[in-house]
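**Student:** Chain residues, written in single-letter form:
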Amino acid sequence: MSDLEHEKQGPIAQDTNEQAMMPLTRRTILTGAAATAAAAVGSVGAQAAPLTPNQQTDKQLDLFLELSAVLTGVAKAKLAPGVDPIKIKLEYFAQAKKEHAFAQLLDLFSRNRNAPNVGDIICNKSEPNVRFLARSVMLMWYLGAWYDPKDLRRLADSQKPEDEKVFPVIISPKAYTQGWVWRVAQTHPMGASEWTFGHWANKPPTLDSFIKSA
Amino acid sequence: MCADKTFDPDVVIVGSGVAGALIAKQLGLAGRKVLMLEAGAEMPADVDEYMNRFFMASAKVPEIPYTPDLFTNRKLTDPKTVNAGRPTVLSLDKDNWLKPEESYLIQDGKKVPFGSTYERINGGTVRHWLGTSLRFVPNDFEMHKRYGRFVDWPLRYDSDDKNISLKAWYAEAEKEIGVSADVKDQQHLGITFDQKYPMPAIPLSLVDTSISDGIADLKHDDILLQVRSTPAGRNSQPYQNRRACAGNTNCIPICPIQAKYDPSVTLADALRTGNVKILYRTVANEVVVDVNGRVREIKYIQYKEDKGPATGRDSVSAKVYVLAANAIETPRLLLMSMGRKGVANSSGLVGKNLMDHPLYLAWALMPEGKPVYPYRGPLSTAGIEDLRDGKFRSERAAFRIEIGNEGWNFPIGDPNTTTLDFINGINISHLNDGPRGQALFGHDLVTKLNSVLTRQFRLGFLVEQSPDESNQVTLSNKFTDRLGLPRPQITYDLSDYTKKGMAEAKRVATLIFDRLGATEFTKARPNDPSQFEWPVGSGQRIDFYGSGHIVGTYRMGTDRSNSVVNADQRSWDHDNLYLVGSGTFPTVATANPTLTLAALSLRTAEKINQALTLR
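Protein chains in written order, with my numbering: chain A, 2 to 215; chain B, 9 to 623.
Honestly, the hints are just simulated from the structure, not real lab data.
Hints may contain errors.
Okay, derived cross-link-like pairs now, DSSO-like style, lysine-lysine, Cα gap no bigger than 27 Å in a straight line [to be verified]:
hint, chain 1, residue 1, chain 2, residue 2
1, B, K102, A, K213
2, B, K315, B, K107
3, B, K107, A, K161
4, A, K161, B, K285
5, B, K315, B, K327
6, A, K151, B, K102
7, A, K166, B, K192
8, B, K456, A, K166
9, B, K378, A, K204
10, B, K192, B, K170
11, B, K183, A, K166
12, B, K83, A, K161
13, B, K119, B, K307
14, B, K83, B, K119
15, A, K60, A, K88
16, A, K99, B, K83
17, B, K456, A, K151
18, A, K166, B, K285
19, A, K77, A, K99
20, B, K531, A, K161
21, B, K456, A, K161
22, B, K349, B, K285
23, B, K307, B, K41
Please model the entire structure based on the sequences and the hints provided.
**Tutor:** What follows is the structure, given as structure tokens:
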């Protein structure tokens, strides 16, 4: 796809899978940096056709984001800002939904969302199908890659996990650049700096400024 | 098949990497007609295609943006199906290096693996270089005279005889590449300067300054260890119409904004002279010598698809021929020529003395509460250069120390490995001291990851390998590429001289970590053949990596019996044939080779231009 065709299509594809296949262009990177600015002037993305006609799906998505915030430790408003031209949440939601245990995972969360140890219930105390899916979801937000829950289970059960081969799949170029591990390390993704010359000589912004909502 | 038969070149250059590109540009500017033959693909319209491949790759190895067909169904591509094959990090790993159906280089497993890679693409391997642009120290050119080891170069760093002095050519190379550095930081170990660098130094990272502060006054063998800014082919201000570095921490494999020099810059300049043409996907397969001992033509094969059939065969003639195809592909071409009798090889040294900088990698964690905020800035901005020269070189290899800004990305693939550990309750990184099987999540996960990732750092020790004739490139008798050309066969080992240097590197790493109060995590990779026992019988193993610095296989020297080319990089056997690139280095020294090979290339361009004038 040429840049021009991409322009015509606009920044948001209707189909999240198609979006995942989109080549990364400078625009995609800039979208990240400019999200806040775009919000101020009214973004094209915010006015695009709704992506989720089904209200049930909306509810599920919201629950998924709430769960994601609990698991990742990153504020929901940071994972998925109200005005969100990047919309990585849709790619991740579509990815997680493919798993059989997804409904079970959301159900377990919705039943325990007010429990003080809800994260532990989900990541460590739930049955393996749910537990390893929850870990896949966390890794997806952190690394922009999908680790098959079955692979995670095999790794966790292995006496020598370092000898096990796993094949994480980067979900999209955009997913790589949106990985939260970089922000948690108070930096930018390798290959996608949003900062300028010489920043590395000084301390980065605080951890809270990366992961907490204002 | 030559695209344009009306283009009658004065010079044919095989290879469009940094050496070939620099020579093409200089000769093009001088009005010479130059035809370049590049085995690999042309440049994409913009870097997005390269960047997409990089972003989507789960293993972000140096070759990843440039080699689209590395895998089919999670298996490596069989090199016999590829027209312009090449070694890759993944094909050289412990599970693949001995499998000819996965590894382009043929190795027999009797010695240690040769672990370095190169590109066959427009711009060559310097596409994925780090940017380090150190000059050699004067004694590097005189290992025999100063230390009774190996051979001297036919050139010197600085000499009253300007014809053998490289100093001014280093300055020229720094201008062409666009090197950022301050002279005051670089005047040491006898290196002197007549002019400034084109751009000021790149600022040190917090990793660098933390190490510098932490090891103040630290000595090894009475030599003071000091952190110095590393000269870099990266812009500290706009230069050559390119941006200043934004600290993408991604010099290898690719700078997304081209603040790092790569040879496409020079190739574009060369093409703009109007005198230079490039044929892509054009593999030189024979250097033909006439009865008078002069090269008469170069034969080549063309293809359209990486794994498609040959689409044409032809040859091209010129007055002068330059082979600039790196220190494995150049000897391969020479050896396969004239019915495998070989060309330019009356010395018998073509393909011999293969060297690299075997790299000792050491990593550690700064103390709690002392973050250094890695994963920012260029991959490396400083090093410790004080052990590059000294009396010890009569006994053991010297080395330089590169300080990494990319945490434990190189050693263990972080931040991914550590993230996976804490989220899945395993401990591949050795950082997860929590209960096995228990996932961290939420606030605890953030706090833990932040605490360890911001304290990671690594040191890389580039060890001077001795030139040994038994380390060599020959032709495989059995395995070919898609074009039916024999693949390179490599025999490679480390001498005791080199191993002693690596052992010293290991000691110095621990010395530095101890002084910093850092916790060392260096581990030899389990069951990996890229290691050796040292001292012999101790049971202790030292792990090493390739540096991608492929050197020595058509060395320069003072006469035809001890070398393949003279100081001008002209073949002793064929006076219209030049062999350029780091293959001409008689010794590898400790500096990353690009700047020196660029200086030699610029010098050779002038010699070729003079030779053409005299004809």
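**Student:** Could you run down the list of hints and mark each one as holding or not?
**Tutor:** So, going through the hints one by one against the coordinates:
no.: 1; hint: B:K102 - A:K213; in the structure: violated (43 Å)
no.: 2; hint: B:K315 - B:K107; in the structure: holds (19 Å)
no.: 3; hint: B:K107 - A:K161; in the structure: holds (25 Å)
no.: 4; hint: A:K161 - B:K285; in the structure: violated (54 Å)
no.: 5; hint: B:K315 - B:K327; in the structure: violated (33 Å)
no.: 6; hint: A:K151 - B:K102; in the structure: holds (26 Å)
no.: 7; hint: A:K166 - B:K192; in the structure: violated (49 Å)
no.: 8; hint: B:K456 - A:K166; in the structure: holds (25 Å)
no.: 9; hint: B:K378 - A:K204; in the structure: holds (12 Å)
no.: 10; hint: B:K192 - B:K170; in the structure: holds (24 Å)
no.: 11; hint: B:K183 - A:K166; in the structure: violated (46 Å)
no.: 12; hint: B:K83 - A:K161; in the structure: holds (23 Å)
no.: 13; hint: B:K119 - B:K307; in the structure: violated (35 Å)
no.: 14; hint: B:K83 - B:K119; in the structure: holds (26 Å)
no.: 15; hint: A:K60 - A:K88; in the structure: holds (16 Å)
no.: 16; hint: A:K99 - B:K83; in the structure: holds (26 Å)
no.: 17; hint: B:K456 - A:K151; in the structure: holds (25 Å)
no.: 18; hint: A:K166 - B:K285; in the structure: violated (46 Å)
no.: 19; hint: A:K77 - A:K99; in the structure: holds (22 Å)
no.: 20; hint: B:K531 - A:K161; in the structure: holds (15 Å)
no.: 21; hint: B:K456 - A:K161; in the structure: holds (23 Å)
no.: 22; hint: B:K349 - B:K285; in the structure: violated (31 Å)
no.: 23; hint: B:K307 - B:K41; in the structure: holds (19 Å)
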